[in-house]
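*Asks:* Sequence:
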Amino acid sequence: MASIKNVAEAFFAACEAGKGWEACSGYCTPNATFRAQAEPLLELKTLAHYTDWMKGIMTVLPDGHYEVKSFATDEARNNVAAYDVFHGTHTGSGGPVPPTGRQTSTDYVYVMQFEGDKIVHMTKIWHAGLAMKELGWS
Numbered sequence: 001m002a003s004i005k006n007v008a009e010a011f012f013a014a015c016e017a018g019k020g021w022e023a024c025s026g027y028c029t030p031n032a033t034f035r036a037q038a039e040p041l042l043e044l045k046t047l048a049h050y051t052d053w054m055k056g057i058m059t060v061l062p063d064g065h066y067e068v069k070s071f072a073t074d075e076a077r078n079n080v081a082a083y084d085v086f087h088g089t090h091t092g093s094g095g096p097v098p099p100t101g102r103q104t105s106t107d108y109v110y111v112m113q114f115e116g117d118k119i120v121h122m123t124k125i126w127h128a129g130l131a132m133k134e135l136g137w138s
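Quick note on the working numbering: the sequence shown kicks off at 1 and runs consecutively.
There may be inaccurate statements among the hints.
Claimed, not checked - Here are the computed distance ranges between Cβ atoms for each label pair:
id : residue 1 : residue 2 : range
1  : Thr91     : Gly116    : 32 to 42 Å
2  : Val97     : His65     : 18 to 28 Å
3  : Tyr83     : His49     : 32 to 42 Å
4  : Leu130    : Ala2      : 29 to 39 Å
5  : Lys5      : Pro30     : 16 to 26 Å
6  : His49     : Gly101    : 24 to 34 Å
7  : Asp117    : Ser93     : 34 to 44 Å
To be verified - Here are the simulated SDA-like pairs of lysine to any residue, each with C-alpha atoms no more than 20 Å apart in a straight line:
id : residue 1 : residue 2
8  : Lys118    : Glu16
9  : Lys118    : Asp52
10 : Lys19     : Tyr108
11 : Lys124    : Phe86
12 : Lys124    : Glu16
13 : Lys55     : Met132
14 : Lys133    : Gly92
15 : Lys45     : Ala128
16 : Lys5      : Ala76
17 : Lys45     : Lys118
18 : Lys5      : Ser70
19 : Lys118    : Ala72
20 : Lys133    : Ala76
21 : Lys118    : Ala76
22 : Lys19     : Gly95
23 : Lys133    : Thr104
24 : Lys55     : Phe86
25 : Lys5      : Tyr66
26 : Lys19     : Thr33
27 : Lys5      : Met132
28 : Lys55     : Ala76
29 : Lys45     : Asn31
30 : Lys19     : Gly64
31 : Lys45     : Lys133
32 : Lys45     : Lys55
33 : Lys118    : Phe34
34 : Lys55     : His65
35 : Lys55     : Leu44
Hints listed in this document are in silico derivations from the structure and should not be mistaken for laboratory results. Bear in mind that the values here come from a model prediction, so they are computed numbers and not experimental data. Where a beta carbon is used, it is the ideal one built from N, C-alpha and C, also for glycine.
Hey, can you work out the whole structure from these sequences and the hints?
*Replies:* Right, dumping it as structure tokens:
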């Protein structure tokens with residue numbers, strides 16, 4: 001069985017590159033759930049929906065990339081937390097407004113809960129309002 005840290009890192013890289021559920025599903029249970037208290041993500045309830053949302057956001061912010069600040073495993077609770085900064089510029093179409101050319105650098109945390117070596121749930125902790133303001137979306 002693979003370590004949960006290795007699985008989390010591989011999932012994270014695929015998700016953040018905008019590869020969608022097709023590339024991310026192998027790291028997760030088929031019905032893995034998702035939760036966030038960030039306005040743009042409130043309706044997303046599955047990890048499949050979230051990874052496909054990330055795929056879409058990478059067309060709106062085509063230079064999107066992340067900077068890992070911390071990757072921590074809590075073996076007692078069987079989860080992995082990743083703290084990162086996402087950077088992107090709104091130059092692609094498909095966003096809530098036409099391309100603004102504005103940039104964001106936004107902090108966020110993923111907490112990935114495991115059963116065995118598969119992710120069963122992920123929570124994203126993110127202050128979306130600040131990112132949307134920086135991008136000129138609010």
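*Asks:* The structure should be examined with respect to each hint, and the outcome stated for every one.
*Replies:* Results of checking the hints against the structure:
no.: 1; hint: Thr91 to Gly116: 32 to 42 Å; verdict: holds (41 Å)
no.: 2; hint: Val97 to His65: 18 to 28 Å; verdict: holds (22 Å)
no.: 3; hint: Tyr83 to His49: 32 to 42 Å; verdict: violated (23 Å)
no.: 4; hint: Leu130 to Ala2: 29 to 39 Å; verdict: holds (35 Å)
no.: 5; hint: Lys5 to Pro30: 16 to 26 Å; verdict: holds (22 Å)
no.: 6; hint: His49 to Gly101: 24 to 34 Å; verdict: holds (29 Å)
no.: 7; hint: Asp117 to Ser93: 34 to 44 Å; verdict: holds (38 Å)
no.: 8; hint: Lys118 to Glu16; verdict: holds (18 Å)
no.: 9; hint: Lys118 to Asp52; verdict: holds (18 Å)
no.: 10; hint: Lys19 to Tyr108; verdict: holds (19 Å)
no.: 11; hint: Lys124 to Phe86; verdict: holds (13 Å)
no.: 12; hint: Lys124 to Glu16; verdict: holds (13 Å)
no.: 13; hint: Lys55 to Met132; verdict: holds (18 Å)
no.: 14; hint: Lys133 to Gly92; verdict: holds (17 Å)
no.: 15; hint: Lys45 to Ala128; verdict: holds (17 Å)
no.: 16; hint: Lys5 to Ala76; verdict: holds (13 Å)
no.: 17; hint: Lys45 to Lys118; verdict: holds (17 Å)
no.: 18; hint: Lys5 to Ser70; verdict: holds (12 Å)
no.: 19; hint: Lys118 to Ala72; verdict: holds (16 Å)
no.: 20; hint: Lys133 to Ala76; verdict: violated (38 Å)
no.: 21; hint: Lys118 to Ala76; verdict: holds (16 Å)
no.: 22; hint: Lys19 to Gly95; verdict: holds (18 Å)
no.: 23; hint: Lys133 to Thr104; verdict: holds (9 Å)
no.: 24; hint: Lys55 to Phe86; verdict: holds (14 Å)
no.: 25; hint: Lys5 to Tyr66; verdict: holds (18 Å)
no.: 26; hint: Lys19 to Thr33; verdict: holds (18 Å)
no.: 27; hint: Lys5 to Met132; verdict: violated (31 Å)
no.: 28; hint: Lys55 to Ala76; verdict: violated (32 Å)
no.: 29; hint: Lys45 to Asn31; verdict: holds (10 Å)
no.: 30; hint: Lys19 to Gly64; verdict: holds (13 Å)
no.: 31; hint: Lys45 to Lys133; verdict: violated (25 Å)
no.: 32; hint: Lys45 to Lys55; verdict: holds (16 Å)
no.: 33; hint: Lys118 to Phe34; verdict: holds (14 Å)
no.: 34; hint: Lys55 to His65; verdict: holds (12 Å)
no.: 35; hint: Lys55 to Leu44; verdict: holds (14 Å)
The structure fails hints 3, 20, 27, 28 and 31 (numbered hints given earlier, in ascending order).
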